[in-house]
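All chains should be built: construct the whole structure from the sequences, respecting the hints.
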Amino acid sequence: GMGLRPVMSPVIKTENGRPIYGYKNLDSDKVVASGMAGYVRSEADATRAGQNPLVVRAIRVDGNANPVLSAEDARRVLIENGASGFLDATNVVFIR
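Numbered continuously in the working numbering, the sequence shown closes out at residue 122.
Read the hints as simulated data drawn from the structure, not as lab findings.
Just so it is clear, CB atoms sit at the ideal spot from N, CA and C, and this is done for glycine as well.
Be careful, since some hints might not be right.
Stated by the list, open to error - Simulated DEER-style distance windows between Cβ atoms:
#1 70 <-> 32: 17 to 23 angstroms
#2 51 <-> 81: 29 to 35 angstroms
#3 57 <-> 89: 28 to 34 angstroms
#4 105 <-> 56: 30 to 36 angstroms
#5 41 <-> 73: 27 to 33 angstroms
#6 27 <-> 55: 16 to 22 angstroms
This is the structure:
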């Protein structure tokens with residue numbers, strides 16, 4: 027792995043540093059109830075992400091806690107969120 031460690035409020039960023047997922051954009055009640063993300067060891071354990079999850083790989087991890095995505099993968103995440111709202115629903119899972 028890349029040394030990703032679980033934190034209470036992870037931020038997913040683009041390679042140029044722009045945050046695309048973080049606590050500022052989320053419903054606080056939802057975050058308190060279920061957390062911002064799940065952390066698992068395998069894709070099979072990523073049930074929080076749903077039946078047909080979008081899978082992207084970080085190009086690096088910032089500060090051991092915040093995944094950084096390529097511009098193309100960040101674009102894919104934002105397009106899928108526009109269609110399904112998975113980020114807003116906190117259906118985010120990090121495989122470590």
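Go ahead and decide if the range 28 to 34 angstroms is satisfied by the Cβ distance of residue 57 to residue 89. violated (20 angstroms)
Taking 30 to 36 angstroms as the stated bounds, is the beta-carbon spacing between residue 105 and residue 56 within them? violated (22 angstroms)
Take the C-beta atom of residue 70 and the C-beta atom of residue 32, compute their distance, and say whether it sits inside 17 to 23 angstroms. holds (19 angstroms)
Look at the Cβ atoms of residue 27 and residue 55 and judge whether their distance stays inside 16 to 22 angstroms. At 31 angstroms between Cβs, range violated.
Is 27 to 33 angstroms right for how far apart the beta carbons of residue 41 and residue 73 are? holds (29 angstroms)
With respect to the beta-carbon atoms only, verify the hint that residue 51 and residue 81 lie 29 to 35 angstroms apart. violated (21 angstroms)
The structure fails hints 2, 3, 4, 6 (numbered hints given earlier, in ascending order).
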